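Protein chains in written order, with our numbering: chain Z, 1 to 371; chain A, 1 to 299.
Hints may contain errors.
Some chain A residues near chain Z, calculated using beta-carbon distances under 8 Å [stated by the list, open to error]:
hint, residue
1, 53
2, 75
3, 79
4, 80
5, 91
6, 93
7, 96
8, 100
9, 114
10, 124
11, 129
12, 133
Hints are computed from structural coordinates only; laboratory data are not their basis. Computed from a predicted structure; not experimentally measured. Don't be surprised by glycine CBs; every beta carbon is placed ideally from N, CA and C.
If you want the building blocks of each chain, they are given just below.
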Amino acid sequence: MSTMVRGRPLLYTSYEAEMALLNTRTKRVWLGVLLIIGAALPFLLTDATLQTFARAMITAVGVIGLGLLTGYAGQVSLGHAFFIGLGAYTAAVLGGDPEGRRLGFGITELLIWLPAAGLVAALAGLLVAPLAVRLRGLYLAIVTLGLVFVGGHIFNEWRDATGGPGIGRSMPAPTLFGYELGVNGELFTRDQKLYWLMFAVLVVFALAARNIARSRVGRAFTAIRDRDVAAGVMGVNLARYKATAFAISSFYAGCCGALLYVVPGFLAPNGVFNLEVSVLFIAMLLIGGVGTISGAILGAFFITFLPTATRLIPDAFPFISASPTEFPNVFILEQVLYGALVIIFLIFEPRGLFGIWLRLRNYWKTWPFSY
Amino acid sequence: MTSDVILSFEDVRLAFAGVVAIDGVSFTVGRDELFAIIGPNGAGKTSIFNVLSGVYRPQRGRVVFDGKDILGRRPHQIAAAGLARTFQNVELFANLTVLDNLMLGLHTHLTYGTFSAIAWFGRARRQELAARAEVERIVDFLELEQWRRMPVGLLPYGVQKRVELGRALAMRPKLLLLDEPVAGMNLEETEDMARFILDIREELKIPMILVEHDMGLVMDLADRVMVVDFGRPVATGKPAEIQRHPEVLRAYLGEAARTGETSGTGEPSGTGEVIQTATVGNTATVGEGARGTDSGGGA
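Same shape as in the complex, but just chain A:
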């Protein structure tokens, strides 16, 4: 069993003074799994990512990645271990071109030193040329050809999100963390991104953790889903189970929705579809979107 697990996140607690961001969350991710984390805004999803990539240090818990305990390591060490991520708000290097951003993803895989760089001879030159060829494969994979030489700050938002995914892929990750890859995108861009995520699974075989508010995307793509609320784990399971889980419905739709559903006449999957359809292609939070639909249905 352990050899099938790329990441195990055990009983982590993270608090900022009095605010508890993560409170006893545990989960594991398999080597060929797409694991999704969902929850209302402020539930602690991005905090989990920040703990994983070493930006935050939790007070309690253990994080084992690829057989190594990575808790307390610095971000660049965790990156070198093979954990790559994208950010909720695009964190690209705005003044660099698409190519340079992707090359930066390869940073830990280029081993030449400063003196070799100054001379641009031998190792430095060889590695840079190889890196350029490798980056071109990512450009091809993510269909970024027409923007190659543009500074990313000038690109449309949807393309920036794609470049960020490319930069994470350039790190040759063993595990990829995607923080809201389709937030703020229109339907077409969302479909493109979903296609890339599927391509990454099938062609590159990289396990992923996906944080996303777009329930359509999550329920279609994820193998397993974990729901968090106020930093606590609510439920973990297959998408179909999660859609019907009473605690999940309570977290998303409120107590009234759950009692209404249980006292109602039928269609146990009906409320699940509320979650699924409420926010497709929508930037609103699941909580708000679902509540709106719910009250509309009740009226």
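Next comes chain Z alone, as it looks inside the complex:
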């Protein structure tokens, strides 16, 4: 397209060019580079590292969903773990072995059970949404917290579907149009294939979220977050858009849950979908950057790779043990780090990693001048 004049990146000669998703050359180039690197990584990394990458990418889908609800629409939810759990068990039940001891329908086709897991979670989100019309802020956070406990109880007790505490059940090996993604093939290993699957899912979900954010729906979300009374007077149907935010966010959470346990291949119910998970997702959102899609992705990668980084600490500082039974060990350090990071980011950079990136970018834009 020749609608952009070189050297004047903010000069647009058509609204199409101005409103395009990638409206500057820099954005187009960098996204292209990232996509190429992302697609090429399976040829460069070991399978174990690829698993971590796959987990980070699918976690990012969940964080993006939470970002739409909490970051864009301003509805603080502690119930994200519940929706993730719903998605995970829906996938497990749909894809489970119909001859096995647990409830299963034997549907291994990804294009069926993945949207189904999202839809079940979205439906639950719609049921919860009326609460958000009545409550806001901390009150909504507390009520959604209740969901996690209700969910925890159901997941523990409904043994036919979930396997019960301490036992769990296996996750289905996904197939796409009959092609097996969950087993080692002649050309590619299982982890390579799963990496590409998660990569594709992340790209699709991130793109969809960006489109929602820049549409009338996303504008309505931000309006509700910034000034809800004014939003109503401007014609935004508050009840409807809060419900939409919950449904979309839960759909993302459901899909995240459905794929999150495909990589390990096993889903144990105790403590997997508890409050800690909800808080961890909020931490990822805060550390990455609230109110941006790229921030949510950054946060998910940062927190997912944090354990990988902390495991290296005992080598450098021998007084910190790598064994969970000794006192100053890496696992304790990890928990402390999560908390410390959230506090540090909230105080020093509330815009998160995305904010740090903005600062760097603006610094180099005007370098060597200070403004």
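Since the structure of chain Z is already known, use the hints to place chain A on it.
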């Protein structure tokens, strides 16, 4: 007659527990009229606006807008019916850019759904591009070009007030409610706003209700003025009549001023000018400003 009336507000009473905010106020607004509501602070002017836009529900009365009874409808339904407003304290979406705030004004006129938005294809894309072009006309109309892409939270107060007016205009209103559009502005900004209000009348032909403490602006622009005090209507009429109305003088200047004026020697329009000049370009309330001038003149 009825076809000339865009809004009729009939005998509305609004009370919060023991506090009566609006007590039997009635008025009508014509299709090409600029109707002003004035009164001391706490008289119930903004409450009238909040009843109109559906934020408050009155206990009694009827509000007919463009032939439809809108009382009891929710704010977004009233907005969709064509009633737009600005707020006394700027209620913009501070983190959104000027363009996005204006686009939000178009919310009810964009009809594509969530799924279309996700794909950003066909209807969604077409409507967004058309909306962007429409919003640019408002940017041009209100001379907001240099601030287009700035988050409104960073803009000066006078510009924020203008963006808010633009956001209301983007709703393609049939009736525009302006709640103190020049409160806290300096003389130059007030003159700019007055010019925009006149432009809206002449070019866009949108009827308006104006709540304002700046008497110079009200008396110059309004076709008719209604005075309210303690939630009750005091008088309604042409600006010149209102300036001389004894009940209005009593509400604004107190009983002593009225008796002083009637027992005084002449200049029946003199006290009217006190109202007119007391608060031009001033953020103080009319009551305080007028009283100050009055006591100064008496000394």
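Okay, the hints, checked on the actual structure:
1. 53: holds, 5 Å
2. 75: holds, 4 Å
3. 79: Given a least distance of 4 Å, the restraint on residue 79(A) holds.
4. 80: Status holds, d = 6 Å.
5. 91: At about 4 Å, which falls below the 8 Å cut-off, the nearest Cβ of chain Z leaves the hint on residue 91(A) intact, so it holds.
6. 93: This hint holds: residue 93(A) lies near chain Z, its Cβ roughly 4 Å from the closest one there, short of 8 Å.
7. 96: holds, 6 Å
8. 100: Holds. Min distance 6 Å.
9. 114: Residue 114(A) check passes; min Cβ-Cβ to chain Z is 5 Å, inside 8 Å.
10. 124: holds, 6 Å
11. 129: Holds, because the Cβ-Cβ distance from residue 129(A) to chain Z comes to roughly 5 Å (cut-off 8 Å).
12. 133: Holds - the Cβ of residue 133(A) comes within 8 Å of chain Z, reaching about 6 Å at its closest.
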